[in-house]
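Here is what each chain is made of, one letter per residue.
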Amino acid sequence: MIKFRLHIILFFVLLFSCGQEQDEILVYDYPIIELELKSQTILAGDKLSIKVIQQNPSSCDLVLSNGIISLSREIEGLQEQTIQFSSPETNAAGTFTLRIIKHDSILVQQGIKILPLDITDPIDIYVGPRTINVDRKQESMLVAVPQDKFGNAVADGLEVKMAENKSATDINQFYKEIEYSLAYYVIEANQNAEDLFIGVSHPNASSKKQKVISIPSWPLDLYLSTEEHFAYANNRNFVKVKTNKLRDEFGNAIPDGTMLNFHIFENEKETAKYNGITIDGVAFVYLKNPYKAANWYVRASIGGRFIGEDIEINFANDLHEIVYTINEKQIVIGPLRGQLGQYISDGSKVNIELMDRNYTVETLLGMAVFELEDIQWQKDTPAHLSVAGLQKVIYRNE
Amino acid sequence: MSSRSNIILRILAAILLVCLLTLLLFIFSKVYANFKGASNVVNVYEKVSSEFDHHHPYFKWLPDGENIGGNINPFIRSDIQKAYLRSWASANLSIRDHKDLGLIEHYSEEMRTKITQYFKGDYDSVIENIDLNHELELHFISFDKQVVSFTDHNVRTIQRIKNQVQTPIQEEVFDYKVVMTLDDGKWRINKMLRTEEADTSFYKKRKPISFNAADIRGVNYYPQKYPWRKFWSHFPKDTIESDFKLIDSLGFNTIRFFIPFNEFGGPHISEDNLLKLDFLISTAKIHDLKVMPTLFDFPVGFELLKYTGYDRHLKIILERYKDEEAIIAWDLKNEPDIDFEYHKKEDVLAWLDFMIKQAKRYDENHPLTIGWAHIENGSYLSENLDFVSFHYYEEIDKLNDRFEVLQSAVGDKEILVSEYGMTSYDGFYPGAHSETEQSEYIVALNNFMLEKGMGGMLWSFYDFDEAPSDIFGWKPWVKATQKEFGIINADGSQKPSATQIKNIFRNN
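Chains as they are written, first to last, in our numbering: chain A, 8 to 405; chain B, 355 to 862.
Rather than coming from a laboratory, the hints here were simulated on the basis of the structure.
One thing to keep in mind: the hints can contain errors.
What the hints assert, rightly or not - Below, in silico cross-link-like pairs of lysine-lysine (DSS-like), each with a Cα-Cα straight-line distance of 27 Å or less:
1. Lys630/B with Lys579/B
2. Lys216/A with Lys540/B
3. Lys474/B with Lys54/A
4. Lys856/B with Lys639/B
5. Lys386/A with Lys336/A
6. Lys216/A with Lys156/A
7. Lys499/B with Lys218/A
8. Lys474/B with Lys120/A
9. Lys168/A with Lys531/B
10. Lys401/B with Lys516/B
As the list claims (entries may be wrong) - Just so you have them, the derived chain A footprint on chain B, three or more residues with Cβ under 8 Å:
11. 440 to 449
12. 478 to 487
13. 506 to 513
14. 519 to 527
15. 542 to 549
16. 607 to 613
C-beta atoms are modelled at their ideal positions from N, C-alpha and C, and glycine is treated no differently.
Produce the complete structure using the sequences and hints provided.
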């Protein structure tokens, strides 16, 4: 019984849930339409007049479209009327499709062609890269995308005049045909590191002037030389290492501010690296003399690669001999004099090595003093004394 | 104070509290709506972005022109492709909605002025425009990768204009000459010119393909454990192999299966899914079975904007299997007439008409049909289809008259019943039938089809453990009956209808 009642309830639920809408069948009257156009081709911005002649007149819609751009008009239910499109509606060039539509039907379909006008001001030009080396391997490019006064791409086959000014007296002019809506020219680098100016024109239109900057290429023929070279390892003087005037393969001076690295090699190992920048094509660096005798080889690099030959710089020991005296309380080192009879640099380190102990003092006016009670030096024990690259073994009971 | 006054006061306080809460909720919703509205720009971009997600036109780079100036790498090519396709989508959306939807991102100022003049007018029709095909031939790229020029060949656009009613879909094929420039890091269309109409002679008009419906002894197939949406994600190969063997042994010669649009990959079908499809077809071949794949199963949207994705989906599948002999036909959509209830009928029919045209382009070898849910709708678009198919689950004595109407409407087109059957659910809900009734129904319908020279495809091979709500709705009596249309029980045992089927096929 319960099951039966539920069946009845579900029957009604089903009945209500199964309602269906009836299809509405619409029948329309369609006019017969004939179009008259002066021409199926017009120029951009011109007036497009379409004479619409109807039998059984009825209002319709007219749509002009090229897929991206669409224009539309309502057509009244008159036997004869003229529909007009004018600028700015007709500004876009290209092939359009004209359709007259009534309800669910397209009554007429026809192609209309709008032609672009001649090139007008300004001619858009694109230049890049803006900076190129003068090594003839790099090139820049000038691209002109001319347009008509409505911004349409102009017809292929038109020509634009291009001009490049490689120097004050060298102006190169030539014509380029527009192909696929643009014209282009490959700009080769100058041999001289001078700016290059380019422009594009047409009888009634011009571009703005554009500049391509030519910068010198890698330097060639680098030579190093030294100045102010004091050939003794006194740890006080500076030696100036400088390049010749650096030029690229075409003789252009390398621009100011170009950074060079100076590498110091000792015993075939790089021990130090200094930076220098070019001023008027020359780069230099000051290197402090070592504190002991050394043979340096200095090389220059730019952009991570070594160029030119290295230069050898030698330093001999400045100190000839170590002078000292030992008394009851002290070891007195000095006077320590250099090659010119001068005291060696103040602050030069004097070192005493006793067994596994090291003691260091600095010189002042060529003298250095060790207090014996501080260093606990036993008799018969050798002490290794070193200063400015020289060494000597001394005994307390000497 | 009496207890009665106390109660009244409490009731008044409760009402006041409810009013206060309602007021607060109202104020909060207004503030929230205000903030949402303020982010109008963001909304526009969100809208455009979500609509772009449906834009999947076919795209390919043709060989570059002879001297293209600079060099182009795949990354720049990809950037240009993306920007160019988005520019089309942006223009289509803007024209449809009569407002600037992202044009500034994709067009130069001059181009934008020309596009926007349309929707600044007072014309109130809606122009729906969609681009389906782009084949780009690069002519030029500048050394600094700032300017490109190319021709977009065979740009196939479809257009529909809606006022009170809508026009049929109009198709055009044109070439476009385009210059794009890189401004502020974005590729924009600087110049665009539609040129002469493209050569469309390669779109040959396909002749009708003959189809003998009477030969079809088919069954609709899902694996028992993984029906409907679960099928392609689980795809149990071993089960499919053993099921096809069983199907063959029962005397069936054709399998109808379903390829849902979203679940199978939408516009970007993975190779993995295609390999599954390969497997299914090759397994059918091993057992001398033919297949009738049914495309676009489950609801899809019929907006013109989404056509590009459907077109890509269709192209990928049909072009891959256009020479596959095991396929007897393509069923383009399962029961589209059910969509008449939820969408405009004209939109559904326009969509089907478009898909028929596209399918004929992509595969000239296989017949096409549409599996209508109701016999009364079987004549829709029949002039463009190679044979007619419908589904039938109602009383057999009501079939003959309806069949005669259909037969006279479609002329000499072959007719296939691509789904028929009866549930053997014998439970509490209405619509219940015994296994014997199921068996008798199947025998009777087969006799009818035999008499009329029709073929048929049984629904379904298996009983299923569940009928999902997202397909069959909330009604428990519908779901209960839907689970038991099979001739094989969920436990693998055969129902009486399976034996009857075997006998019918053996004797005919």
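Quick rundown of the hints versus the structure:
1. The straight-line distance between the Cα atoms of Lys630/B and Lys579/B is roughly 17 Å, inside the 27 Å bound, and the hint therefore holds.
2. For a cut-off of 27 Å, the pair hint linking Lys216/A to Lys540/B stands: about 25 Å separates their Cα positions.
3. Between Lys474/B and Lys54/A the CA atoms are separated by roughly 20 Å; this keeps the pair inside 27 Å, and the hint holds.
4. The straight-line distance between the Cα atoms of Lys856/B and Lys639/B is roughly 20 Å, inside the 27 Å bound, and the hint therefore holds.
5. Restraint check for Lys386/A and Lys336/A: satisfied, since their Cα atoms lie roughly 13 Å apart, inside the 27 Å limit.
6. Restraint check: the Cα-Cα separation between Lys216/A and Lys156/A comes to about 20 Å, which is no more than 27 Å; the hinted pair holds.
7. Simply put, Lys499/B and Lys218/A have alpha-carbon atoms about 18 Å apart, close enough for the 27 Å limit, and the pair holds.
8. Between Lys474/B and Lys120/A, the direct Cα distance comes to roughly 23 Å. Compliance with the 27 Å bound is thereby established for this hinted pair.
9. Proximity of Lys168/A to Lys531/B is assessed by CA-CA distance (about 23 Å); at most 27 Å being required, the pair is judged to hold.
10. At roughly 21 Å between alpha-carbon atoms, Lys401/B and Lys516/B fall within 27 Å of each other, so this suggested pair holds.
11. For the segment 440 to 449 of chain B, the stated coverage by chain A is satisfied: 3 residues place a CB nearer than 8 Å to a CB of that chain, which reaches the threshold of 3.
12. Counting residues of the segment 478 to 487 of chain B whose beta-carbon sits less than 8 Å from any beta-carbon of chain A gives 4, enough to reach three: the coverage restraint holds.
13. Remark: the segment 506 to 513 of chain B is confirmed as covered by chain A, as 3 of its residues place a Cβ nearer than 8 Å to a Cβ of that chain, reaching the required three.
14. Against chain A, the segment 519 to 527 of chain B contributes 6 residues with a C-beta closer than 8 Å to a partner C-beta. That satisfies the three-residue criterion, and the hint holds.
15. Counting residues of the segment 542 to 549 of chain B whose C-beta lies closer than 8 Å to any C-beta of chain A gives 6; at least three are required, and the coverage claim holds.
16. Only residues whose C-beta sits within less than 8 Å of a C-beta in chain A count toward coverage, and the segment 607 to 613 of chain B has 0 of them, not enough to reach three; the restraint is violated.
When each numbered hint is compared with the structure, a violation occurs for hint 16 only.
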